[in-house]
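Trainee: Which chain is which? The protein sequence lines are A and B, in order.
For what it's worth, the working numbering labels the leading residue of the first sequence as 1394, then goes sequentially.
For what it's worth, the working numbering labels the leading residue of the second sequence as 2, then goes sequentially.
No lab work stands behind these hints: they were computed from the structure.
Note that this is a predicted model, so its numbers are computed, not measured.
By construction, the Cβ of each residue, glycine as well, lies at the ideal position given by its N, Cα and C atoms.
Treat the hints with care, since some could be wrong.
Pair by pair, the computed Cβ-Cβ distance ranges are [unchecked claim]: (1) G175/B <-> D1780/A: 27 to 33 angstroms; (2) P128/B <-> T1574/A: 55 to 61 angstroms; (3) K13/B <-> E1568/A: 42 to 48 angstroms; (4) G185/B <-> G1553/A: 57 to 63 angstroms; (5) G42/B <-> K1749/A: 31 to 37 angstroms; (6) P128/B <-> E1646/A: 53 to 59 angstroms; (7) T123/B <-> E1568/A: 43 to 49 angstroms.
Straight-line alpha carbon distances no greater than 20 angstroms define the calculated DMTMM-like cross-link-like pairs of lysine to aspartate or glutamate that follow [unchecked claim]: (8) K212/B <-> E1662/A; (9) K61/B <-> E29/B; (10) K133/B <-> D1517/A; (11) K13/B <-> E72/B.
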Amino acid sequence: MTRTIVIDPVTRIEGHSKITIQLDDRGEVVDAHFHVTQFRGFERITQGRPVHEMPAITARTCGICPVSHMVAAAKAVDDIMAVEAAPTGADLRRVINLAQVVQSHALSFFHLSSPDLLFGFDADPARRNIIGVARENPGLARDGIAIRKLGQQIIEWLGGKRIHPPWIVPGGVAEPLAEETRDRILAAIPEAIAAAQRAIAWYKSDLVRWEEEAATFGNFRTAYMGLVDREGLVDLYDGWLRVIDADGKPLEERVDPRRYAEFIGEAVEPWTYLKTPYWKPMGYPDGIYRVGPLARLNVAERTGTPLADEELEKFRWRIGRVAGSSFHYHYARLIEILHGLERIDQLLRGPDILSKHVRSRAEVNRHEGIGVSEAPRGTLFHHYRVDDHGIVEWANLIIATGNNNMAMNRAVLQVARQHVRGDRLEEPMLNRVEAVIRCYDPCLSCSTHALGQMALELELRAPDGTTLDTLTR
Amino acid sequence: MSTVHTLRIDGKDVAGSDGATILEVARENGIDIPTMCHLDGISDRGACRLCMVEIAGSPKLAPACMTRVAEGMEVTAHSERLLEYRRAITEMLFVERNHVCAVCVANNHCELQDLAEDLGVTHFDLPRINPKVEVDASHPLFAIDHNRCILCLRCVRVCDEIEGAHTWDIMHRGLDTRVQTDMGLAWGDSPTCTSCGKCVQVCPTGALFEKGRAVARGTRRPRPFLPWMRVVAEERGL
Ligand code: SF4
Ligand code: SF4
Ligand code: FES
Chain A
1394 MTRTIVIDPV TRIEGHSKIT IQLDDRGEVV DAHFHVTQFR GFERITQGRP
1444 VHEMPAITAR TCGICPVSHM VAAAKAVDDI MAVEAAPTGA DLRRVINLAQ
1494 VVQSHALSFF HLSSPDLLFG FDADPARRNI IGVARENPGL ARDGIAIRKL
1544 GQQIIEWLGG KRIHPPWIVP GGVAEPLAEE TRDRILAAIP EAIAAAQRAI
1594 AWYKSDLVRW EEEAATFGNF RTAYMGLVDR EGLVDLYDGW LRVIDADGKP
1644 LEERVDPRRY AEFIGEAVEP WTYLKTPYWK PMGYPDGIYR VGPLARLNVA
1694 ERTGTPLADE ELEKFRWRIG RVAGSSFHYH YARLIEILHG LERIDQLLRG
1744 PDILSKHVRS RAEVNRHEGI GVSEAPRGTL FHHYRVDDHG IVEWANLIIA
1794 TGNNNMAMNR AVLQVARQHV RGDRLEEPML NRVEAVIRCY DPCLSCSTHA
1844 LGQMALELEL RAPDGTTLDT LTR
Chain B
2 MSTVHTLRID GKDVAGSDGA TILEVARENG IDIPTMCHLD GISDRGACRL
52 CMVEIAGSPK LAPACMTRVA EGMEVTAHSE RLLEYRRAIT EMLFVERNHV
102 CAVCVANNHC ELQDLAEDLG VTHFDLPRIN PKVEVDASHP LFAIDHNRCI
152 LCLRCVRVCD EIEGAHTWDI MHRGLDTRVQ TDMGLAWGDS PTCTSCGKCV
202 QVCPTGALFE KGRAVARGTR RPRPFLPWMR VVAEERGL
């Protein structure tokens, strides 16, 4: 006899996911599924649209990281036009992409996860939020809010509109960077870097507390994927796909991301609308890989910016060359914030950053285009086919969170195994399932639910569907 | 010497020469009447019915853009009833096709959007029809997305009256009505189109646009008269 525990979001509007945990008759966890029950089919929506609309359409359909979608979509259209984005345009896209990573990571770490870290997973949920953090450790909360705000402001200053900037266009960006804007951003960076460093220092001092927890917190062997540049450094905008195995051995040293379909399979599971990508050469489901901040730091030689590299060295010294526990996504996120800020600073000091030539123009010159970039949550693939006139006939998107689909399931399973006792549902279990999912910062609305509280319902079900126990937050 | 008529519009005493329309005289006197199909410089068609006004003594509403002024006319251009009509018309313009402003080239510089804003149309009560409508991107420079066409027929008139090409016309009826190029040929195959871009310039919405324009990156088109007519051709060195 098997029984199933279901964790279901309470608010349907906000929540898009559900978790079931399968028990066998001895009350042991045998399987776990992270269901994504609501997902917008952009592949369908985009059919018949002029390809130049793709950046805006995909940004709208997947609204959690619009800038990342605009970047990947614009790159795919560059490919269809068979042009390279104007170099300054490409650098400006890099800046806005980094700003998105900084602000998104700040939201994930400070607003959503720091309460767990500060108060512990079992603390009163009423206190376990950013307001609670602001009371307990005002400096940390202030730093987090300031970093996020700067990321958002950079996006707004460049793109004009915080959420859906039409500034990122095929061929580059729509308008050159104004000198005042550059200076304004440059002036704000040092304080944000200092804030990021303070947060890292706090995290490191706190880390020992979590060593035991981290060991069973989505800690398992997978491959890792991320974009790297020519020298193997972290590249969030462009470059080659590098994939390593759990021991850090390269599975692919440097693949042109346009060849993704040769290496990434996309499995479809009946229990989720989210596709389940896997590393083809290893088959399904063995080809499990992870993406996102942790994966990027695992695959890259270094980040390429001095302060972040210093921190990465310490990270590796503490955790190892390849970090396996999902828990360390937090740490990796902080290092990437630092890297992002440093890199924005470097790019804005580039000699041509104020160039007026920011956009290449061309017609549709190819019937197919692929654009790949790193979104805050991991590698993002946009792939379109168009007709002679540039009308989209077919589109395939692999979103960052999708890449982590298998890993999230595995992580939930591990946490459930560790914390589910008998057929009773306990709060600690719910808290940890929530927290382990949050490590991946999935781009589902439920994960950013008000003040970091995921609306979850835990339900224990018998095989015949009857409810044995529920736990609701 | 032309005759001058005196009349009242919204209670204001105004004068207009013989042959002038109510719309012209109203605008000369600072009275704004919403319009959509009307465009200074080309003939009027009375297609959109937004400019409907009440004329004392007549049970029917009359389009201001098509109705000549007459001596002693008593015109009401603004009333609760007219506002309700205008809102209803605007709503119908939206629900008849598929308008998704957020991903439209014309976003933020669209006359239909402006109209809705001016009239305070904040939501739709009518059900959306969601017709399946096509995009023709076969022309090398321009494209038409029928999803956003409101059948104002400005393109048809400007192409005929100003450019003299008469590439555009209308086909079918009712909900199936479409503007078309050369008896239904793909625009890119049109033997009459001179690629002057006038139709693109006059289109009040995002239906006609220059290819390659990203969302919300359509041209801003101030249209006092027709001086902007040559812009596209000149920009492109045609
Ligand atoms: S044409 Fe105007 S009203 Fe229609 S979608 Fe575009 S911006 Fe909106
Ligand atoms: S294409 Fe534009 S100008 Fe022509 S009828 Fe439609 S809305 Fe009017
Ligand atoms: S403007 Fe008069 S009917 Fe359209």
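Trainee: Hints first: check each against the structure and report whether it holds.
Mentor: Cross-check of the supplied hints:
no.	hint	result
1	G175/B <-> D1780/A: 27 to 33 angstroms	holds, 29 angstroms
2	P128/B <-> T1574/A: 55 to 61 angstroms	violated, 45 angstroms
3	K13/B <-> E1568/A: 42 to 48 angstroms	holds, 44 angstroms
4	G185/B <-> G1553/A: 57 to 63 angstroms	violated, 40 angstroms
5	G42/B <-> K1749/A: 31 to 37 angstroms	holds, 35 angstroms
6	P128/B <-> E1646/A: 53 to 59 angstroms	holds, 56 angstroms
7	T123/B <-> E1568/A: 43 to 49 angstroms	violated, 31 angstroms
8	K212/B <-> E1662/A	violated, 39 angstroms
9	K61/B <-> E29/B	violated, 24 angstroms
10	K133/B <-> D1517/A	violated, 53 angstroms
11	K13/B <-> E72/B	holds, 14 angstroms
Hints 2, 4, 7, 8, 9 and 10, counting from the list given before, are not met by this structure.
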